[in-house]
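As you go down the protein sequences, you meet chains A and B in turn. Heads up: the first sequence is residues 91 to 443, going by this note's numbering. Heads up: the second sequence is residues 37 to 275, going by this note's numbering.
Quick caveat, the hints were computed from the structure, so don't treat them as lab data. Fair warning: there could be bad hints in the mix.
Think about it this way: if two alpha-carbon atoms lie no more than 35 Å apart in a straight line, the pair counts; the simulated DSBU-like pairs of lysine-lysine are [claimed, not checked]:
id : chain 1 : residue 1 : chain 2 : residue 2
1  : A       : Lys292    : B       : Lys62
2  : B       : Lys151    : A       : Lys293
3  : B       : Lys170    : B       : Lys151
4  : B       : Lys62     : B       : Lys151
5  : A       : Lys292    : B       : Lys151
6  : B       : Lys217    : B       : Lys88
7  : B       : Lys217    : B       : Lys151
8  : B       : Lys62     : B       : Lys88
9  : B       : Lys62     : A       : Lys293
10 : B       : Lys217    : B       : Lys170
11 : B       : Lys62     : B       : Lys217
Calculated from the model, a selection of chain A residues having no Cβ within reach of chain B, i.e. all distances over 12 Å [to be verified]:
id : residue
12 : Thr123
13 : Trp180
14 : Met186
15 : Ile193
16 : Val221
17 : Gln226
18 : Gln227
19 : Trp257
20 : Ala275
21 : Ile278
22 : Val282
23 : Gln299
24 : Met309
25 : Trp319
Glycine included, each C-beta is placed from N, C-alpha and C at the ideal position.
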Amino acid sequence: MISGAERRYAAVSGGLVGAVALVILVLALIVGTAEGVQYTLDSLAYGSLFAVMALGLALLFNVMGLMNFAYGELIMAGAYVMYFTRSWGWLGMMLMTILIVTILSLLMELIAFRPVRNASPAVLLVTSFAVSYAIQQLAWTDVFGLAHRFDSTIGTGIQKGVEPYPWLTTQFNVGGVLISRLEIATWIVTAVLLLGLTLLLKKTTLGIQLRASTEDFRMAQLTGVRANWVIASAFAITGVLAGAVSILYILRTGAVAPDIGQGPLFVAFVGGVIGGLGSLSGAALGGFVLGAIINALSATLPITLKSHTQLFAFLIVIGILVFVPNGLVSVRASAFSRVWRRVRRIAPAEEPT
Amino acid sequence: MLRLTDVSVHYGRIAAVNHLSLEVNKEELIGLVGHNGAGKSTTLWAITGVLKPSSGQIDFEGRSLVGVSPDAILRRGIALVPENRRIFGRLSVGENLQIGTSGRRDRRAAHADIKAMCERFPVLGAYYDRPGSKLSGGEQQQLAIARALLARPRLLLLDEPTLGLAPLIVDQVFEILQELKQEGVTILLVEQNAARTIEVADRTYVMRSGGQIQFHGTADELSRIGDFETAYIGLGETA
């Protein structure tokens, strides 16, 4: 008999395949097969980034009811670390970025969120805004002359903070489709991160404790799960994910700025909501779908409408939320379970009483 | 073993528990009965550190529990089987049992205990990989008790373990409690089913609305308090 967890994973996998198939179909119809495949691959890479980001947001949301809007500042911090360590070589730069962002994430938990852990959701939300605002303002205060360098309003204009590595960003032609190593690296890294996190959640004691905490944090504590340990672990995981996203995101654009994390955060947050923030896999799916939609729209909209990409993307978001207000995964899971029950003809006696 | 002295717990300005004192000695099964809203569950939440008493003292084996976190209290030897079971529905039965050993360091012994628990409650072994949400109410109750026992507690707290269960299953739960008592597990049992609780308990505390103890005694002592049923609903003379 199939379990609820297996049904959910099957639903998420089905959702991902469906979303990708839909994107390919729409793009192929609009721009022709070769270009459709091109845009689909681009959208896959771009959407993957937001899947990872949304996963980080959903993890904290489920473990401690915190919607961490300071997550964007972790991306920004990652961008600055990359700027300072850009001469260390790509491996040193990446390791240091992930390390520093993870430490910053843990410091956020220790200094800002631990004291208000048992406060109301409103207090947690305001605290996350305060942390976000404080870190961003620190960056705007021209510490190390960075704002002067990267803020076009007071300095010499937006400059490339981290020059893209040509060997990474140069595209090569595969059957008429242009692919860069960065794109391939993005698919691989996000797949490894998602797989690694899945294994961690399913196969390790910490993972089981995290999943129990996401379901009923108080009860997890009452069974002996250490609150400090499990929450700090969630922040550490979030930090690693944010560090990885920083690297992949900044390597695409090279831009470094105090507000660099705000845009991605917003997309990941909204993506998480449309996927269903109550479910880690749902949030990842939502982040992926929204990221892919934005990328596909920016590639396919007529030049006169390109500046309105976000407008069209969020109109689609509103449309999704109207039809599936609880998020994509919960609806897909229930639809899937209905179909499965019909196929297997599971007797009502096997249902919980 | 456990002593509550003059404990009060407030929700805002409302006192849910009011100057309550009770004592549980080693290897006793103590009942705590009373109507809905009498403050029974609040008392358990205060013992387990979820709620902080506004006044009074809670001591376990001579050490204060006030201000100690729930996970640390579990590690000190007090486990709770909460009202409505609160098993982790998305986790498998096996994972629920594994979570029950979170407070322990002896991983090998914990693993052996999980096996032993599956033999004691065969249904848990049979449904080991099934999500907790797919178990029936009675099966979930067995899982909740097994999960708590896996912490090897010196004191087991049970909050309305028969709530919402069919009469046959209620009998099974009371049988399990009697078995645990015979094994020497110290138990504080919160129940609305006063008659059954008094029957199995060494002593029973009767709470009245307002969070105070109205009566306290053995089954014999309570039976001598006039019309107990009348007293139980709060109209009798205090003992």
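> Can you list which hints this structure breaks, lowest number first?
Replying inline: 1, 9, 23, 24 and 25
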